[in-house]
Amino acid sequence: MNTDYGEKVYLPDFNSINNTDPATQRDRSTLTRTRLVGAFAKAEINFQEWLIFNLTGRNDWSSTLPVENRSYFYPSAGMTLNFTDIPALKGKFGPLNFGKIRASFAQVGNPAPAYKIRARLVSQTSTGGGFLFDFFGDNPSLKPENVQSIELGTELAFFNDRVTLDFAWYSKSIKDQIVTQRLSYGTGFIFGLLNGGELNTKGIEIQLGLTPVKRSDFRWSINANFTKYDTKVLNLPAEVSEYYDSDTWAYDNVRASAFAPADVLAARFNSPTNLFYDDLNSRGAGSATAIGGWSYLRNSKGDILIDPNTGFPLRNANFLPIGDRNPDFVIGLINEFRLFNQVNISFLLDIRKGGDIFNGNEMFLYRNGLSTRTLDRETPIVFKGVVKDGMEESATPTQNTKEIIPIADETYYTTVIQPEDFVERDINWVRLRDVTISYDLPMRWLGSQKVVKYASVFVNGTDLFLSTNYTGADPYVSTTSPATGGAGGFGMDFGKISLPRTFSAGLSVTF
Amino acid sequence: MKNKITVSSLALVLLFVLNGCDKYLDVNQDPTFPQTAESFAILPPMLAQMVRGEAFDSRYVGQYVQNWASTASNNAFDRQGYTPGSDAAGEKWRQHYWAIGKNIDLIVEQSTARSQWDYVGVAKAIRAWSWQSSTDVYGEMILSQAWEPNRYVFDFETQDLVYNEVNRLSQEALTDLARTDGNVSEAGLGRGDLVYKGKREQWIKFVYGNLARNAHHISNKSNYDPDKVIEYVDKSFASNADNFNVPHAGTNSADGNFYGPTRNNMRTYRQTEFIVGLLNGTAFNGVTDPRLPLMLSISPDTVYRGVVPGAGDPTNTNNNPKRIPLVWGVSPSVTNAAQIPGKYIFTDKAAHPIMTYSELQFIKAEAAFIKGDKAMAYDAFKKGITAHMDFAAVAAADRDAYLASAAVPQDAAALTLSDIMMQKYISLWVHGALETWVDMRRHHYSDQVYKGFVIPATLYIDNGGKPVYRLRPRYNSEYVWNRESLDVFGGNNPDYHTYELWFSKP
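Going down the list, the sequences are from chains E and L. Each residue of the first sequence is one higher than the one before, starting from 1 at the first, in the numbering used here. Each residue of the second sequence is one higher than the one before, starting from 1001 at the first, in the numbering used here.
Read the hints as simulated data drawn from the structure, not as lab findings. One should not assume that every hint holds.
What the hints assert, rightly or not - Derived DMTMM-like pairs: lysine to aspartate or glutamate, alpha-carbon spacing no greater than 25 Å straight-line:
no. : chain 1 : residue 1 : chain 2 : residue 2
1   : L       : K1023     : E       : E68
2   : E       : K301      : E       : E393
3   : E       : K232      : E       : D328
4   : E       : K301      : L       : D1495
5   : E       : K353      : E       : D440
6   : E       : K143      : L       : D1022
7   : L       : K1197     : E       : D21
Please model the entire structure based on the sequences and the hints provided.
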């Protein structure tokens, strides 16, 4: 419930607190109402439990879409083949005791947020109050967004489940994605809500389970997860170059972005002067998990351009890809030991290969003279690069020789240094995520009482060990919480501290 | 083995017949924010946005024309540069396309439906003014494709076409403002009209004032028609009472004057040596202008000083008797806005003049001067000075003494173009920086016209040694989201801001 107070109602027939003079208001209200009606049909065909087909169809009607686009249909189909259960082949697979192949195709349609078909007016606090259009543009031809996914997978078990393997490959495409996109003000607005953007994510997931030792007094099991995926940007809406998540724009001119493919960016940014450099910028081009940020101006050979007056490098004040946060792969490895039916020991190792991180903490410290890298601030330096004197594109550009002393000019720290310098590439890590040792108390210690049925003591430690080539505190960072949605802010390190090393010990009792 | 096929479930549920369903789904109107409004509720913030566009950009353009300069040395705008990758000096773009933008169309739509032709005329007058004042800083603009639905990439069109559009739209505005049928009424328009309180005849004068700018800014062209300019001026403002003054409640930073102490926008800027020279007699035969103490601020040692653009303020240290005060007339050591009353139009409640009678008289003076009618030029010139003296609240005796002094030519034959332009400069100081910049660009920063005006020796690096001639379109609009369209006319070139505009070319 809202309690609102306001005076001077502007529009006679519109009953809302926002329709009063903001200077007199004591509250502000927002109410969102959406309705969604769905009809759903499902069919399952089960052939002797070894061949199963699933079919679904769904039609939704959403209140948030224009009348002509408000109804949309999306189907799914799936197939599972338990081939080791086929009667004719049963028992003919040697050590393979279970095998399954699955395939599925699914479509999902998503409606729009409420009230976006027509732009809204917001009350103004300038002299005289009143209403003006909000930042967000209207879109009377909005369509539902469409997600298509295909998954192929297999589950195999060998030697009576001593070795198990689960493998999945998937491809997920998003079309007509509904995005809030900044646009030219020529639209009349600052943001548009539009259908656009075509992304494709392909990935594999492998889960391998091993039980190398399985004896009555000693059991060792290993469980490994391997994950690898890559999201390609095929298309961004409204012919833009970049889509960014404003929640990740935490420090300076760096943000988590999705970029159009390299050829598109090169065509857009290499005229009239080169602003897109293959060596630097192609790394995050076409990636949905790029780091977008400012860099240095370069000539077409890639030499950094230097201002002849100041001796400082010139900046490329365009948001271009300066890194790609997506890792090559991630592995989670669990080892479990059980000794004498009483002692359990388990380790969880977390391994990541590749993926860039923006070290915003270091940039902040550097700019404020708190980083150890600024200890040489009184030592004269010469920026490596060529002077922007008109000869920079010639065969013999003038090499910069101008000496500067960082401490002598504050702008060196405040404006000259660009985030490009603080993107750390190919960050790997091995992390001991969790270690637990537990000891089941012998039953005889519990005596003949009937209250406690089982008791054990344990010690546990998390994040005890980290080995990484990252220079910051902890590469496992994100500027956003999962609630933000989207690709998220992982790999954007600013104002974050490392995961704590925790120890715990305890007693676990079952009554 | 018997094949077993199980259809475990098959259901198709239609919950509603389509008609009932449509009604049920018809809830997509925002109950807390209106999606349409009547014109009287849209006009007041639109007037405020006109000022916002002018004032935000005037702060930077005021550095180009040396109304004021930064206390820090080597400021990019002091050196006729810009800040790459920034929306600084991009406010007119925001104002024209967004802040005023489609709100104009909403007024036209709403008021046409209600036969409020006065509102329709006012909306068109404001858009015509917005095109004129925006193209005068940007040159090429998004014109025919602007506000087009479902368009995301916009072509720019040349400035002559924008000038034509100003004329076309102004004529439409005049037709609408002349209507008395339907629901046209002073009381009705007055509900939203904070400037002229519903008086259509003053809006008509404003349209002619804007047409005078439109016709006069092309003074370097062979088809320039001084008679047309004079005609427009004569149909526009008749006295300071017609000035387009946008009022400020001045109760907080949201409804206070941009130049007032509460908003604190001018803290790092100081009066320049050039404006001090215009008022302390340096430029006008040693005659001290009675506006000097009213407009400018005096250092503790009772000397008026100004900074040299690019050099910074060498006096800017605590307890320095030579320290140049803030534009509000107090020492920079005073930081509490509540303790700063302000002065001239540097107060929280001061109205912002979008267009003044004195400006129009100086336009007439220059047009008549170019035409060769020196008597008319001289008459308008003196009216311009008089009107601005009154605007600045100069005592009548001081005003008349100045007009009779050696600072002012005493007959029409002695009048020079420089006299007109320098007096116009004084009258536009602060609020009229954009119009001053038009003048300076028409006269190519000539120190024969603006005596004592010196272009900074070290210009901003990207200028390539050339003076500034335009603002860049807003960075987070065109440079990020419409880049390729800028390439057509060199908008992405580092020295784009030095490209001369169409209006000042022969």
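Against the structure shown, which of the earlier numbered hints fail to hold, in ascending order? 5
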